[in-house]
Amino acid sequence: MRVTKGAQIVVGTALLALAVAACGGGGGDTSGAGSSAGTGAAGAVRVEIAEPQHDLIPGNTTETSGAEVLNALFVGLVDYDADKKPYNRVAESIESEDSKTWTIKLKTTYKWHNGEPVVAQNFVDSWNYTANGANAQEGNYFFGSIAGYDELNPGEGKTASATTLSGLKVVDDTTFTVELKNPFSGFPTMLGYTAFYGLPKAAFESEGKLKADFGSNPVGNGPFKMSKPWKRGSDQTISTVRNDDFSEGKAKIDAVDFKIYTDLNTAFNDLRAGNLDIMDQLPAEAISTAKNEFGDRYIEQPSSGVGYIGFPIKNGADYAKNKDIRKAISMAIDRKTITETVFSGTRVPADDFISPVVSGYRQGACGEACTYDPAKAKELFTSAGGASMGPIEIGYNADGGHKEWIEAVANNLRTNLGVEVTPKPVEKFATILDDLGAKKWSGSFRMAWIMDYPSPENYLRPIFGSGASSNYSGYADKKFDDLLTQGDSASSIEEGIKFYQQADDLLLQEMPYIPVYFYQTNGAYSNHVKNVKIDPFERIDLFNVEKA
Amino acid sequence: MGRYVIRRLLQAIPVLVGTTFLIFAIVYALPGDPLQALAGEKRVDPVFAAALREQFHLNDPLIVRYGYYVRDILSGDFGTTFRGLPVSTIFEGKFVVTFKLAMTALIFEAIIGVGLGFWAALRRGKWEDKAILAWTLLLVSIPTLVSGFVLQLVLGVSLKKALGFGLFPVAGVQDGWRSYLLPGFVLATVSIAYLTRLTRTSLMETLRADYVRTAVAKGMPRRRVLGRHALRNSLIPLVTYLGADLGTLMGGAVITETIFNLPGIGQQLFQSVYLRENDVVVGIVTVLVLIYILANLVVDLLYAVLDPRIRYE
Numbered sequence: 001m002r003v004t005k006g007a008q009i010v011v012g013t014a015l016l017a018l019a020v021a022a023c024g025g026g027g028g029d030t031s032g033a034g035s036s037a038g039t040g041a042a043g044a045v046r047v048e049i050a051e052p053q054h055d056l057i058p059g060n061t062t063e064t065s066g067a068e069v070l071n072a073l074f075v076g077l078v079d080y081d082a083d084k085k086p087y088n089r090v091a092e093s094i095e096s097e098d099s100k101t102w103t104i105k106l107k108t109t110y111k112w113h114n115g116e117p118v119v120a121q122n123f124v125d126s127w128n129y130t131a132n133g134a135n136a137q138e139g140n141y142f143f144g145s146i147a148g149y150d151e152l153n154p155g156e157g158k159t160a161s162a163t164t165l166s167g168l169k170v171v172d173d174t175t176f177t178v179e180l181k182n183p184f185s186g187f188p189t190m191l192g193y194t195a196f197y198g199l200p201k202a203a204f205e206s207e208g209k210l211k212a213d214f215g216s217n218p219v220g221n222g223p224f225k226m227s228k229p230w231k232r233g234s235d236q237t238i239s240t241v242r243n244d245d246f247s248e249g250k251a252k253i254d255a256v257d258f259k260i261y262t263d264l265n266t267a268f269n270d271l272r273a274g275n276l277d278i279m280d281q282l283p284a285e286a287i288s289t290a291k292n293e294f295g296d297r298y299i300e301q302p303s304s305g306v307g308y309i310g311f312p313i314k315n316g317a318d319y320a321k322n323k324d325i326r327k328a329i330s331m332a333i334d335r336k337t338i339t340e341t342v343f344s345g346t347r348v349p350a351d352d353f354i355s356p357v358v359s360g361y362r363q364g365a366c367g368e369a370c371t372y373d374p375a376k377a378k379e380l381f382t383s384a385g386g387a388s389m390g391p392i393e394i395g396y397n398a399d400g401g402h403k404e405w406i407e408a409v410a411n412n413l414r415t416n417l418g419v420e421v422t423p424k425p426v427e428k429f430a431t432i433l434d435d436l437g438a439k440k441w442s443g444s445f446r447m448a449w450i451m452d453y454p455s456p457e458n459y460l461r462p463i464f465g466s467g468a469s470s471n472y473s474g475y476a477d478k479k480f481d482d483l484l485t486q487g488d489s490a491s492s493i494e495e496g497i498k499f500y501q502q503a504d505d506l507l508l509q510e511m512p513y514i515p516v517y518f519y520q521t522n523g524a525y526s527n528h529v530k531n532v533k534i535d536p537f538e539r540i541d542l543f544n545v546e547k548a
Numbered sequence: 001m002g003r004y005v006i007r008r009l010l011q012a013i014p015v016l017v018g019t020t021f022l023i024f025a026i027v028y029a030l031p032g033d034p035l036q037a038l039a040g041e042k043r044v045d046p047v048f049a050a051a052l053r054e055q056f057h058l059n060d061p062l063i064v065r066y067g068y069y070v071r072d073i074l075s076g077d078f079g080t081t082f083r084g085l086p087v088s089t090i091f092e093g094k095f096v097v098t099f100k101l102a103m104t105a106l107i108f109e110a111i112i113g114v115g116l117g118f119w120a121a122l123r124r125g126k127w128e129d130k131a132i133l134a135w136t137l138l139l140v141s142i143p144t145l146v147s148g149f150v151l152q153l154v155l156g157v158s159l160k161k162a163l164g165f166g167l168f169p170v171a172g173v174q175d176g177w178r179s180y181l182l183p184g185f186v187l188a189t190v191s192i193a194y195l196t197r198l199t200r201t202s203l204m205e206t207l208r209a210d211y212v213r214t215a216v217a218k219g220m221p222r223r224r225v226l227g228r229h230a231l232r233n234s235l236i237p238l239v240t241y242l243g244a245d246l247g248t249l250m251g252g253a254v255i256t257e258t259i260f261n262l263p264g265i266g267q268q269l270f271q272s273v274y275l276r277e278n279d280v281v282v283g284i285v286t287v288l289v290l291i292y293i294l295a296n297l298v299v300d301l302l303y304a305v306l307d308p309r310i311r312y313e
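So the protein lines, in turn, are chains F and X. Each residue of the first sequence is one higher than the one before, counting from 1 in this note's numbering. Each residue of the second sequence is one higher than the one before, counting from 1 in this note's numbering.
The set of hints was computed from the structure by calculation and includes no laboratory data. Any given hint might turn out to be false.
To be verified - As a list, the in silico SDA-like pairs of lysine to any residue whose alpha-carbon atoms are at most 20 Å apart:
no.	chain 1	residue 1	chain 2	residue 2
1	X	Lys161	F	Arg297
2	F	Lys158	X	Tyr68
3	F	Lys314	F	Asp477
4	F	Lys250	F	Gly115
5	F	Lys439	X	Pro46
6	F	Lys169	F	Gly157
7	F	Lys231	X	Glu92
8	F	Lys231	X	Gly176
9	F	Lys228	F	Ser65
10	F	Lys228	X	Thr80
11	F	Lys291	X	Gly176
12	F	Lys211	X	Gly84
13	X	Lys161	F	Val529
14	X	Lys161	F	Asn527
15	F	Lys209	X	Gly84
16	F	Lys231	X	Phe95
17	F	Lys231	X	Gly84
18	F	Lys158	X	Asn59
19	X	Lys161	F	Phe294
20	F	Lys211	X	Thr80
21	X	Lys161	F	Gly274
22	F	Lys440	F	Ala476
23	X	Lys160	F	Asn527
24	X	Lys161	F	Ala548
25	X	Lys160	F	Gly274
26	X	Lys160	F	Gly43
27	F	Lys228	F	Ala67
28	F	Lys231	X	Thr80
29	X	Lys161	F	Asn292
30	X	Lys161	F	His528
31	F	Lys533	F	Ile287
32	F	Lys403	X	Tyr274
To be verified - Over the 12 Å line for every Cβ pair with chain X, so calculated as not near, a few chain F residues:
no.	residue
33	Lys100
34	Lys336
35	Gly345
36	Arg414
Ideal Cβ placement from N, Cα and C applies to all residues, glycine included.
Construct all of the structure, not just a fragment, from the sequences and the given hints.
Here it is as structure tokens:
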């Protein structure tokens with residue numbers, strides 16, 4: 001009965017809206033399409049993104065939406081295959097004898113959208129620009145390992161003593177060399193990242209100065225090119241068309257429109273209505289519907305993020321300093337239930353510090369410590385004296401949708417360890433980071449890491465290296481650092497991974513953080529397209545997408 | 001009347017100064033480092049942050065920063081966001097979108113609200129009246145968030161699937177004026193209900209007035225009595241309501257714009273408060289205050305048109 005009434009009301013409202021639309025609406029808003037409404041090309045494949053934070057400049061793009069667009073416009077020196085291993089794309093070869101000085105040779109077939117050939121100088125110019133602190137590019141820190149970086153970024157209040165990286169040298173049109181500060185065997189894995197794309201000569205006004213309008217209408221070397229400039233802040237669509245001169249051949253679709261949404265639910269409704277073709281991120285509430293509704297066109301695959309609970313092991317409360325208690329807490333968390341119920345399957349239980357998207361991940365590496373075992377956890381907790389150490393505090397930012405899983409973890413700990421737990425919401429994540437930096441935060445805290453480049457090293461050094469930029473636990477172990485250095489100076493990527501895994505083992509013993517879940521990519525696409533693939537960077541392989 | 005308009009506009013100046021300073025102070029008083037928002041969950045690079053702090057005068061006291069802000073505004077510079085986007089660019093497209101949305105909503109309100117209220121008043125006590133009253137109660141009690149998503153799903157997604165073509169766009173402004181119909185209606189729902197009730201009461205009261213009885217008694221046609229005497233005199237409270245509502249609609253479009261992905265200022269305001277983009281927030285609020293002031297002025301001037309006894313000096 002109730003349902004019928006509700007339906008009547010909805011239908012009534014709908015009819016009324018229709019009637020009004022017919023008589024009144026037309027008179028109301030006759031100005032037609034807003035000038036800000038980007039009307040895309042007919043037949044273009046429509047891809048959902050959020051608004052890119054900056055203009056479309058590779059070195060200034062560190063978020064996924066801008067990277068998605070740039071991925072259509074540019075190809076980098078390397079790219080990543082299905083096994084997450086880098087393979088050469090614009091690069092002909094990337095070689096080094098000591099993992100410190102790298103010689104990069106380019107293929108001669110690539111051209112910029114304006115017809116210029118892609119030459120070594122393009123990469124050197126682009127990298128110098130991004131690495132220059134004065135240009136305030138968000139991708140600046142990626143270049144920290146290259147020789148000469150410190151001269152360009154001398155720190156607050158000091159003037160830079162150089163304008164170019166001393167480690168970059170052009171040998172000839174197709175060859176340049178990169179000298180690193182320290183050996184790093186994984187260097188080639190970094191080169192597929194957005195910040196390392198080259199820029200054509202036409203991008204620069206004069207040496208080291210980018211043209212003001214380049215970011216709204218970038219000239220790339222990729223399978224698609226801009227069909228008209230994008231006006232950030234007002235245009236809702238970024239329109240690209242196929243680059244028929246692309247040296248790897250023509251893409252199978254004519255055009256791609258990147259449509260900007262602020263709300264994932266809205267985008268999902270548009271996908272269901274057939275007004276949108278590809279979403280690489282679905283709203284969590286929609287996962288179960290999407291599985292049924294989209295069937296084969298639903299995508300589920302691991303992404304690069306890892307969620308942790310971290311401990312200030314040097315400056316924190318007693319329980320945070322005790323390794324056995326950290327292990328006990330880890331064993332008392334029912335990861336499987338949390339990922340399945342709280343996250344409706346959009347996360348998977350973590351069993352390593354290294355994400356499954358990079359080679360070097362070992363399934364079950366965490367072993368017993370990440371396996372749900374309430375009895376053993378309680379035993380360990382009691383024998384380590386956990387009961388006398390006061391309530392366990394778990395800090396989280398209230399703005400990011402973390403409340404539910406933190407509460408679930410808290411309940412796990414209460415039930416399984418018999419300890420008092422206080423979830424502590426904080427307005428913004430930055431507040432927790434500030435307090436940790438100022439050594440004012442003593443409880444545990446939620447934490448997450450999304451990779452910058454697909455190397456296991458990226459899951460270890462920035463977070464757990466002594467004094468590293470994102471080391472909030474205070475973990476410092478000489479042996480760990482040494483193993484990373486050994487991995488860096490290894491003769492090959494595979495050789496390096498062995499050392500990184502040993503370092504990983506040390507972490508798994510000490511547990512400064514508890515890995516809780518791995519993020520997943522949950523996407524879907526309409527029946528207008530097929531062959532949709534998403535890489536570990538959550539970028540869509542638009543070159544191979546086909547119309548269905 | 002010209003002098004009256006000028007005086008009213010001059011009065012707006014202290015109001016503007018006061019509100020901008022207040023908003024400025026409030027936004028700056030929010031806890032946390034605005035620059036941290038730039039780096040998301042990572043720590044912002046200290047050198048980078050220091051350069052921006054210098055550029056945006058974040059190290060100066062509040063009053064000095066406000067001084068800089070006013071100086072820039074007076075020279076026509078609305079400032080830039082921390083991400084280097086001129087605030088004027090944000091205004092360009094976004095105010096138009098929100099204005100169109102608010103106007104659509106206002107038209108829905110005026111037509112449906114006044115129409116239904118009028119009808120209900122004439123049918124006082126009959127089943128039509130009761131049905132309309134019940135319907136308005138329902139409208140008031142459904143939150144915009146619910147009505148927005150339900151209508152989007154029913155009229156946007158399901159109807160398109162059933163018909164094979166989209167009558168109402170699900171999201172975005174790509175379809176011209178049709179894009180604004182659904183969000184405009186959703187935005188207007190609550191006001192429609194109030195306006196219906198207001199019209200009904202106002203008209204019923206006028207119908208009981210002496211001059212209406214006189215008009216009927218001297219044999220004037222019913223249509224003329226209603227249109228010329230009753231309706232025109234009951235319009236004053238309605239115009240007041242509509243005028244004030246324009247400002248509310250423009251400022252309160254956050255949810256509607258988000259659901260229907262309209263790139264308007266409501267959305268922008270929410271994001272900017274969250275990201276602590278002070279210049280954007282203050283700029284938007286300033287323009288909203290201006291719209292409020294102007295709308296109220298128009299309303300006051302309309303009184304004289306509706307009721308010639310009202311004079312301005």
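Results for each hint:
1. X:Lys161 / F:Arg297: Status holds; Cα separation ~18 Å.
2. F:Lys158 / X:Tyr68: violated, 26 Å
3. F:Lys314 / F:Asp477: holds, 12 Å
4. F:Lys250 / F:Gly115: holds, 16 Å
5. F:Lys439 / X:Pro46: holds, 18 Å
6. F:Lys169 / F:Gly157: Given that 20 Å is the threshold and the Cα spacing comes to 29 Å, the pair is violated.
7. F:Lys231 / X:Glu92: Roughly 11 Å between the alpha carbons, so the hint for lysine 231 of chain F and glutamate 92 of chain X holds.
8. F:Lys231 / X:Gly176: At roughly 19 Å apart (the allowed maximum being 20 Å), glycine 176 of chain X and lysine 231 of chain F satisfy the hint.
9. F:Lys228 / F:Ser65: holds, 18 Å
10. F:Lys228 / X:Thr80: violated, 24 Å
11. F:Lys291 / X:Gly176: This hinted pair is violated, its Cα atoms lying about 33 Å apart.
12. F:Lys211 / X:Gly84: Given that 20 Å is the threshold and the Cα spacing comes to 15 Å, the pair holds.
13. X:Lys161 / F:Val529: Holds, because 18 Å separates the two Cα atoms, which is no more than 20 Å.
14. X:Lys161 / F:Asn527: holds, 13 Å
15. F:Lys209 / X:Gly84: Between lysine 209 of chain F and glycine 84 of chain X the Cα gap is close to 16 Å, so the pair holds against 20 Å.
16. F:Lys231 / X:Phe95: holds, 15 Å
17. F:Lys231 / X:Gly84: Given pair lysine 231 of chain F, glycine 84 of chain X holds - Cα atoms ~13 Å apart, limit 20 Å.
18. F:Lys158 / X:Asn59: holds, 18 Å
19. X:Lys161 / F:Phe294: Holds, at roughly 15 Å.
20. F:Lys211 / X:Thr80: holds, 18 Å
21. X:Lys161 / F:Gly274: holds, 9 Å
22. F:Lys440 / F:Ala476: This hinted pair holds, its Cα atoms lying about 19 Å apart.
23. X:Lys160 / F:Asn527: Given pair lysine 160 of chain X, asparagine 527 of chain F holds - Cα atoms ~15 Å apart, limit 20 Å.
24. X:Lys161 / F:Ala548: Answer holds: lysine 161 of chain X to alanine 548 of chain F is near 18 Å, not above 20 Å.
25. X:Lys160 / F:Gly274: This hinted pair holds, its Cα atoms lying about 9 Å apart.
26. X:Lys160 / F:Gly43: Holds - the C-alpha atoms of glycine 43 of chain F and lysine 160 of chain X are around 18 Å apart, at most 20 Å.
27. F:Lys228 / F:Ala67: holds, 18 Å
28. F:Lys231 / X:Thr80: holds, 15 Å
29. X:Lys161 / F:Asn292: Status holds; Cα separation ~17 Å.
30. X:Lys161 / F:His528: holds, 15 Å
31. F:Lys533 / F:Ile287: holds, 18 Å
32. F:Lys403 / X:Tyr274: Between lysine 403 of chain F and tyrosine 274 of chain X the Cα gap is close to 19 Å, so the pair holds against 20 Å.
33. Lys100: Non-interface label on lysine 100 of chain F holds, nearest chain X Cβ at 25 Å vs cutoff 12 Å.
34. Lys336: holds, 25 Å
35. Gly345: About 23 Å separates glycine 345 of chain F from the closest Cβ of chain X, which puts it past 12 Å; holds.
36. Arg414: holds, 27 Å
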